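Student: Residue numbers (our numbering), protein chains in the order written: chain A, 492 to 857; chain B, 100 to 960.
If you are wondering where the hints come from, they were derived from the structure by calculation, not from laboratory data.
Since this is a predicted model, take the numbers as computed values, not measurements.
Glycine is no exception: its CB is placed at the ideal position from the N, C-alpha and C atoms.
Be aware that one or more of the hints could be misleading.
Said to hold, decoys possible - Distance windows between CB atoms, simulated: (1) A:N668 <-> B:R886: 54 to 60 Å; (2) B:A893 <-> A:E752: 52 to 58 Å; (3) B:M890 <-> A:G667: 56 to 62 Å.
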Amino acid sequence: MLPPSIKKEVETYVKENKLTAAKAKKAQETVEREYTYGKVDAGEAVGTIAAESIGEPGTQMTLDTFHFAGVSEMNVTMGLPRLIEVLDARKTISTEMMEVYLHAPYKEGQDIKKIAEKIKETSFREYIKEVNIDVLEAVMTIALDSEKMALVDASPDKLVKILAKSAKGVSFKADGNTIIAKSTSKSDTLKEIYLLKEKIKSIYINGVKGISMVLPVKRDEEFLLVTAGTNYKSILKIDGVDTARTITNNLYEIEALLGIEAARQAIINEIEKVLDNQGIDIDVRHVLLVADTMTMTGKVLGISRYGIVKEKQSVLARASFETPLKHVFSAAMHGELDPLNSVIENVMMNQPVPLGTGIPKLVMKK
Amino acid sequence: MEQQAESYINDIKFAYLSPKMIKEMAKAKVVTPELYDKEGYPVDGGLMDVRLGVIDPGLRCKTDGQRIKDSLGHFGYVELARPVIHISFVALILDLLRCTCRETGELLIPKNKIKGYVDELDAIEAAQGVSERRKRVVELIHVMRATTKSPSGVKQKKITLEKPSTFLEDERRISPIEIRARLERISDDDLPLFGINPEAMRPEWAVLTMLLIPPVTMRPSITLETGERSEDDLTHKLGDIVRINQRLFENINAGAPEIIIEDLWDLLQYHITTFFNNEVPQLPPARHRSGQPLKTITARIKSKEGRIRHNLAGKRTNFSARTVISPDPAIEINEVGVPKIMAMKLTVPERVTQWNMEYLKRFVQKGAKSYPGANYIIRPDGRRKRITDEAKEALLEEIQPGFVVERHLLDGDVALFNRQPSLHRMSMMCHKVRVLPGKTLRMNPSVTIPYNADFDGDEMNLHIPQTEEARAEAEILMQVQTQIVSPRFGLSIVGCHQDAVTGNYVLSKYLTFTRQEAIDLLMIIGVEDFSRLPNKKVISGREVFSVVLPEDFNFVAEPRSKSEQDIENAVVIKNGNFEKGVLDKSQLGAGAGLLLRTLHKKYGADRMVTILGHIFKLGVNTLLKYGFTAAISDTDLSVESDERIRQLLNEAEADVHKMIMEYEQGTLELLPGRSLDETVELKILERLNKARNDTGTIAAENAVKTTGTMLMVQSGGRGNLINVAQMAACVGQQAFRGGRISTGYKGRTLSCFKKGDLGSEARGFIRNSFRSGLKPHETFFMAMTGRDSLMDTALRTPKSGYLYRRLANALQDIKVDYDGTVRDASGKIVQFQYGEDSMDVSKTEGGKFNVKNIIETMGDH
C-alpha cells in the first residue's frame with residue numbers, strides 16, 4: 492500500500508515517460524518493494540530519534556538572534572530562545588507578531604497605508620497636535636492632527652463621542668479642528684484639568700487592541716501587513732483581510748479560534764521557521780512527531796514538567812524527571828500502580844526496555 | 100552473570116506503611132543509641148544490630164545467616180515514646196483538620212453538597228495535581244459552610260499552622276496525640292474527596308508512632324586509616340532519635356514535669372523531621388561537628404546527584420576504558436585503534452567447548468602479563484580465578500568445557516566507542532578493535548564528524564560488550580556502517596572534510612599524472628587492481644578517481660545553480676567513469692550531497708564504507724604528493740584592487756558622515772516605527788555592511804584562484820569567502836549584542852574618541868584587513884566581540900542542554916508499534932502513520948522517497 496503522494500508520483504512518471512503497460516507494472520512493483528523496505532521497523536524508538544534530531548543541533552544554534560520579518564524595522568525573536576518558547580508552549584511569548592494578508596485590490600497596494608493605520612491600536616495621544624490650557628477659565632483646548640484623522644476616517648465629533656464615553660465629569664465640544672474640554676464639577680477644576688490632560692492621552696480611540704505596530708511589506712509582488720502584537724480574532728473580522736492566509740505566531744490564539752489541529756500545524760510552522768532561519772537541516776517527520784505529542788491530548792501541552800511529562804502514566808518516569816519526592820508521595824497517597832511500561836523505569840529495574848530489540852519476550856529453553 | 104534472569108518485575112505499587120506493617124517487616128527493635136561494644140562488636144538492639152544486616156567482613160547476619168554483600172540487610176523499628184508528625188504531611192494534616200469535625204471526624208458540610216463538584220475536582224487533579232485538588236476542596240468547604248458548627252452540631256475552632264509542624268487551635272497547641280486521634284476518626288468514605296486512596300493510606304499514619312530504621316547496608320560506616328570508625332549521616336541522625344526517644348521514655352516513666360517532657364518531645368520532633376528532610380525552610384539544618392549539614396533521606400533521593408538520577412537512571416560499567424584520542428587514516432572507518440596496554444586489561448569472556456579448548460588454553464598459557472593472554476578463568480560454579488604464573492599450570496589442567504576464559508582483546512573484537520556529550524545515537528557506535536602500539540585510542544578522521552571530536556586533547560570511552568546478545572546487537576545495530584545515514588536528515592553523516600575534500604577537489608579539477616604516478620597513488624591508498632586505469636601516458640585525476648568507484652555506478656549531480664560554471668562543475672559519473680565535473684564539499688562532505696548517499700543506497704553500507712575510505716585516502720595522499728600550503732601572499736591583491744577597496748571604504752565613510760550630519764540637523768528621514776537614534780544606527784550599519792561586502796567581492800574576484808587559500812575555500816575544505824575578504828580587504832563592522840559597539844566609556848567607546856562620536860571608526864568598524872594589520876582600537880573592538888561570542892556559547896550550552904533533556908524525557912517512550920501506528924508507553928496513539936508516510940528517515944534520500952531514481956534504475960536489478 493503506497494501513500495497517495497508516492498502513488499501519484501509514480502503515475503505521473505509513467506505518463507510523462509510513456510512507459511509501456513508491462514514496464515509501468517514493473518515500475519509500480521519496484522516502487523512498492525522499495526517503499527516496503529523503506530518503512531520504519533516496528534519498535535523503532537522514533538521519539539528518542541526525534542528528540543536527538545532536534546536536541547543535537549540545538550547546541551549549534553545562536554542565542555539572541557533577531558530576524559527581520561521582511562522589513563528592517565521589525566525584529567522577531569528567533570533561534571534557540573524562540574525554539575524553547577514554542578516547545579514550552581509558553582502563554583506569553585517575547586515577540587508577538589502577525590502577518591495579515593489582504594484580498595484584491597488591497598493586496599496590489601491600494602490604500603495599504605490607510606488599512607495599516609486602521610488596524611493599529613491608537614490612543615488619543617496620537618491625534619493631538621497641541622494642548623492649550625487656559626488657566627483662568629480652566630478650559631483645555633486640544634488642537635487635532637487632521638492628517639492623522641484622515642487616515643482613520645475620524646472626525647472631531649467622533650472623537651468627542653469616544654472621549655465623552657471614557658472620561659466622566661468632563662464636557663467635550665468639537666470646534667472646527669479643535670476640541671474644547673471643560674470640567675463639569677465646580678471645585679478644584681484647574682487641578683482636575685491637568686490630571687485630565689494626562690488621562691485622555693491614553694484613551695483608546697481606534698484600531699485593533701493589542702496591535703502596537705503595523706508595517707506594510709511587499710513580498711513576492713504582493714502587499715501584506717506585518718504587525719507587532721497579535722489579536723487574531725479581531726483582525727480576521729476586518730473587511731478585505733484574507734482570512735485563509737493571515738496568521739499569528741501565538742499558538743494559543745490559534746488553538747482557541749481554529750482548534751487543536753490548527754495549533755498543531757502552527758507548532759510545526761513555527762519550529763520550521765526557526766530551523767530554516769538557522770540553516771539547520773532536520774527532517775519534518777521529527778517536527779511532526781513533536782507537534783503531535785504536544786497536541787495529542789486535545790490541548791496544547793508544553794514539553795515540560797507541567798506539560799507532557801505530567802501526563803505520563805508511570806510514577807518513576809515522572810519522578811526521574813524533576814521533583815521526584817512530590818511524585819512519589821502523591822503516588823503513594825493514591826496507591827498508584829506503576830505498570831513499568833516505559834523506558835526509564837525498566838532501566839531503573841535493570842530490565843530490558845520496551846523498545847526495539849527489547850520488545851520480543853523470548854526465553855531460551857534450558 | 101551466569102544466571103539467566105528468570106523473574107521480571109511486572110509492576111510496582113506505591114502505598115504507605117502502616118505502623119502494623121512496620122512492626123511486621125522489621126526484624127529488630129532498636130532500643131539503644133549505642134553502636135558497638137568494647138570489642139567493636141555490634142550491640143544487640145543498637146543501630147548496627149547484626150539482625151539488620153552486616154557490613155563487617157567475617158560477621159554473619161543473624162536474620163538470614165548471610166555474609167557481607169550476600170545479605171541485603173533488614174529493617175528495624177523504633178517505638179516512639181510519643182507520636183511525632185511526619186514533616187511531608189503537614190499540609191495534608193492541616194487541610195484535613197480544617198475540613199473535618201474536631202469531635203466526630205465528619206466533613207464540615209453535609210456530604211451531598213460537595214457531590215456536584217467531584218467532576219470538577221477530578222479535572223483539577225488531572226490537570227494540576229493532588230495539592231491543587233485539596234486546595235479547592237478546602238476552598239469549597241470554606242465557602243459552603245453556613246455556621247461554625249459541624250453537621251452534628253459541634254462547634255468548630257479555628258486551626259492554624261505554626262511552621263514547620265505545630266498546629267494551633269484558637270491559639271492553643273494541639274498535641275500530635277490529639278491530632279492523631281482526630282485523623283483516626285475521619286471515615287474512609289470521605290478520604291477520596293481529598294485525593295487519598297484509603298487502601299493505600301490512612302491519614303493517621305501521617306503522625307508517626309513507629310519509625311522504620313533503614314538496614315545497616317543502606318548506611319555503612321567507613322573505617323579510617325587510623326582505625327577509627329566514621330558513621331554514615333543517617334546513623335548519626337538515627338542515633339539522635341533513639342537517644343532522645345529513650346530519654347523521653349525514661350522521663351515519662353519517672354513522672355517528670357510536663358515541661359521537660361514537652362521539650363524532649365519537641366526535640367524528638369526536630370530530629371525526626373531532619374531525618375526525613377534536612378532542608379525544611381523554618382528549621383536550622385542538623386550539622387556535623389565540622390559544620391556541614393547532614394545528608395539525610397530527602398537529599399539522598401533528590402537532584403542530579405541523588406539516588407534516582409545518579410544511581411537508578413544512570414549505571415556504571417566494568418570493561419570500559421577512557422583515554423586521549425588521536426587520528427589514524429590508515430585504519431578503517433569502522434575500526435578503533437586500542438593501545439596494547441588497554442587490550443591487556445579489557446577482556447572478552449569466551450566459553451570453553453571441546454572444539455575451542457586448545458585455542459583458549461593458549462591464552463591461559465600466555466598468562467595475564469603477555470599479550471595475547473587471559474586474565475581470569477571462571478569455573479562453572481561462578482568462582483573466578485585469576486591467572487598468575489604460579490596458578491597457571493594448575494588452571495590449565497583444570498580447564499574443561501563449561502569454563503569461561505576471559506581473554507585479552509584481539510583484533511576484530513567488537514567495542515563500543517563513545518564521546519560525550521552523547522547528543523545523538525551516532526555518539527556511541529560499534530567499532531572493530533585494532534590493537535596498536537602507543538597509548539592513545541586511534542580513529543579514522545572521517546568518523547570525527549558524528550562524534551564531533553577533534554584531536555586537541557579530546558578523550559573518548561571504549562566499552563567491551565560481554566555477552567553474545569550484547570555483541571550481536573552492537574554489531575548489527577550500532578556498527579559505524581549502519582549509522583552512516585543520519586536519521587536526522589537522511590543523508591550521509593560520515594564524509595570527507597578538510598584535506599580530504601581539498602585533495603579531491605585538486606585531483607578532479609587540475610591534476611594529471613603519468614601512469615606510473617597514478618599507480619603509485621592508488622597503491623598508497625590500498626587499491627591494487629589497476630585494470631580500470633586507462634592505458635595512456637597521461638592520466639587525469641578524474642580517471643584515477645574512477646578506479647575507486649564501482650564499475651556500474653551512475654550518478655548525475657544537480658548543478659548548484661543555473662550559472663554556466665556550476666553546470667560545468669556538476670559531477671557526472673557514467674558506468675563508473677567520472678566523466679565531468681569537480682568534486683567538492685557539496686558532494687563529499689558530511690550531511691551534504693547525494694553522491695555518498697547514492698553509493699550507500701546502491702551498494703550497501705559495507706561497500707560504501709570501503710569506497711569512502713578510498714576516497715578519503717585519495718584526497719589526503721593527493722595533497723601529500725602535490726604539495727599544499729597556505730601563504731600570506733595568497734591574499735595579496737593587485738595595486739588597482741587595493742586602490743578600489745580604499746576608495747569604496749572612503750565613500751562609505753563619507754556617506755556615514757553625511758548621515759550623521761543629517762541626524763544632527765534632524766533632517767534624516769525616519770524609518771517607520773523607529774526613533775531618530777535607531778534610524779541612524781540602522782542606516783549606518785546597513786551602509787557599512789554594504790561596503791564590507793563590496794570590498795569582499797573585489798577581494799574574491801581578484802584573488803588568484805590556484806593559491807592554497809582559495810583552493811580550500813572553493814573546495815569547501817576550510818574557510819569561506821568572508822574569511823578571505825577579511826584577510827585581504829577589510830575586516831568590517833564588529834557587531835556586539837545585535838548592533839554597533841556603543842558601550843565603554845561615558846558617551847564613547849574608548850577614551851581616544853570624542854564624546855558622542857557616531858562615526859564608523861569610533862563605533863567598531865575595522866577598515867583594515869588582517870593582512871594590513873589592525874590598529875590598537877580595532878584590535879580592542881575585535882577582542883570585545885570575540886568575548887561576546889564566547890559568552891554566547893557559554894550561556895547557550897546549558898540552555899540547549901536542558902531543552903534536550905526535556906525533549907528526551909518527554910519523547911523517550913514513543914515507538915512504532917507492530918501495526919504501524921506511533922504510540923506512547925501507555926498505548927495511546929500519537930500518530931496513525933509515522934511521519935504521515937511511515938518512511939524511516941534514515942532509509943530516505945534527504946527525507947525524500949526518490950521515485951524517479953527507483954524507476955530509472957530498476958533495470959539494474
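Student: Take the hints in turn and mark each one as holding or not.
Tutor: Now the hints, each set against the structure:
Between N668 (chain A) and R886 (chain B) the beta carbon distance is about 56 Å. The supplied range of 54 to 60 Å therefore holds. The given range of 52 to 58 Å is broken by A893 (chain B) and E752 (chain A), whose C-beta atoms sit roughly 40 Å from each other. The hinted window of 56 to 62 Å between M890 (chain B) and G667 (chain A) holds, with their beta carbons roughly 59 Å apart.
Checked against the numbered hints above, the structure violates only hint 2.
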